[in-house]
Amino acid sequence: MCGIFAAYRVDDIKTFKPKALQYSKRIRHRGPDWSGNFVANKTILCHERLAIVGLDAGAQPIVSPDGRYSLAVNGEIYNHINLRNEIKDYAFKTLSDCEPIIPLVQKYDIDAPKYLDGMFAWVLYDKQEDRIIAARDPIGITTLYMGRSSKNPQAVFFASELKCLTDECDEIKAFPPGHVYDSNTDQITRYFQPNWWDENRIPTEKLDLKLVKETLEMAVRKRLMAEVPYGVLLSGGLDSSLIASIAARETQKAALAEQDVAIDANHTLTGVDAKGNLSFTGWTKLHSFAIGLPGAPDLIAAKKVAEYIGTIHHEHTFTVEEGFDALSDVIYHLETYDVTTIRASTPMYLLSRKIKAQGVKMVLSGEGSDEIFGGYLYFAQAPSAAEFHTECVKRVKNLHYADCLRANKSTMAWGLEARVPFLDKEFLNVCLNIDPENKMIDPKSGKIEKYILRKAFDTKDDPSAKPYLPDEILWRQKEQFSDGVGYSWIDGLKDLAEKMVSDEEFANPKPEWADDIPTTKEAYFYRCKFDQLFPSKAAASTVMRWIPKAEWGCHEDPSGRYAKIHEAAVEN
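If you count the sequence shown from 1, position 23 lands on 22 in numbering that gives the first Met the number 0, and the numbers rise without skipping.
Incorrect hints may appear among the rest.
In the SDA-like style, the derived pairs of lysine to any residue whose C-alpha atoms are separated by at most 25 Å in a straight line are [claimed, not checked]:
(1) LYS13 x TRP33
(2) LYS355 x GLY309
(3) LYS520 x SER540
(4) LYS172 x PHE15
(5) LYS162 x THR14
(6) LYS205 x TYR450
(7) LYS221 x ALA254
(8) LYS284 x LYS303
Estimated spans, in silico, between C-beta atoms of each pair [stated by the list, open to error]:
(9) TRP551 x TRP474: 20 to 26 Å
(10) TRP551 x THR14: 50 to 56 Å
(11) ALA506 x ARG130: 50 to 56 Å
(12) LEU20 x GLU425: 38 to 44 Å
(13) PRO293 x THR519: 25 to 31 Å
(14) LEU210 x GLU170: 42 to 48 Å
(15) ARG189 x GLY66: 27 to 33 Å
(16) LEU210 x ALA506: 51 to 57 Å
(17) LYS150 x GLY66: 29 to 35 Å
(18) GLU170 x LYS443: 48 to 54 Å
(19) PRO293 x ASN183: 56 to 62 Å
(20) ASP502 x GLN531: 19 to 25 Å
(21) ASN194 x THR519: 35 to 41 Å
(22) GLN153 x LYS302: 54 to 60 Å
FYI, nobody ran anything at the bench for these hints, they're computed from the structure. Here a beta-carbon is modelled for each residue, glycine too, at the ideal position from N, C-alpha and C.
Input sequences plus hints: build the corresponding full structure.
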């Protein structure tokens, strides 16, 4: 994962280049390992690199052998080796997983993103045709923004983060996931068109628990592609625990498969490749990382999981006051004022700094499962299976405004890359085509939230199989991350907002907020901080606030503990 900035058809490229480099510098936290740029005609591509794959020869922008194409990518392409094997007539210059994008564009033009398996946001410039193409991954795991300026209508700007565009553009939008932009038509078109994308199409596929299990295992396996130490974020909830369990097994398999290995006291693995060269592979044991207030539910559960699956576990704590102190920085990096996102991002932001300090550059994370399986507790109030499914698809389609944005920016604030196996294309295709009757929550019959995911990894029917997780974790009720780190975190935020926002201020919201008026003092507090950091009117247009479904009888506060099913579980 890296940071990119691109400007197409600016008036005076020589004058603009120093500005472009300064805009790109604003996201150097995303790519602290190297900076590069490419200039041709009236276009510039800038790149801030975080080296994960192709460490020695993966610097960007990447330029084609004939000099016609230049490419800046933020992301990871998991099927790059297969693509290289299929594209025999292209003279690859690097070992970068991103370079196959150039010959794919040569062969398939704007359909090229259809052939990529990964998370990505990229901009490619064709010097010969003075043409630019930009694309974003299907779900929006990787962030990308697009801007325009009324001072120069023909120019188009792209950046990994909003802060690169606010001084230059008076029109900014979040580039839509699963889309591609072509300057020849000046249009953004959808390339990602799975059958589940229509939220009103209710699937009827029969549940196949084995397929669910095997597809998730494959999704984790491909995301272990790295040439640097990696770990896993472990909250102790079902999602992160399953990912950690699978990753621990895969890491152990890889270690056992190595020949002539040497292991030091830190469990660092070095091996000899096919040519006899010593090559760093990673740690023989998976490292797991957790954060919470002292005594938090997540810390207790995470420790149990780590001991059970055999990871080298790192537990970190923070105080409510430390969380308060970080709020402005969190909002600056997240570029949002959504309450749920900020609540959950602050602990993740603090943890990411700790992880990076421990020498890790990549982590696996559990985002996406709750949207796919209807795991949020309010889904228990869904009036029908059809409405349950429709809400699932809507939540998946809006992940780029919420959990994907949080996972990407909270970690990349410290040059740490987060990969999300649950949002694998094939896994989405399998699980969003399952008859939603199988996903409905019914505590009376024992079907708690994400029942089918839990059941897929329940080994009770196979005595010879090693369980993935202890039962108390596999069947633990959902705790939203901002709750699980300690209930006093959310309570503290509410108390802080009550002190910082007067009744008079709350009763008189700013006129420019128009139809996006905060409904709580906490939301008001975050919006004011956002406006201070991003005073451009164009900035707020990139934000979407999430509010629970009132029509399902949900509590206005998005915290999971306000869901009726959580209250019932606590009472019991």
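Any of the earlier hints contradicted here, and which numbers? none
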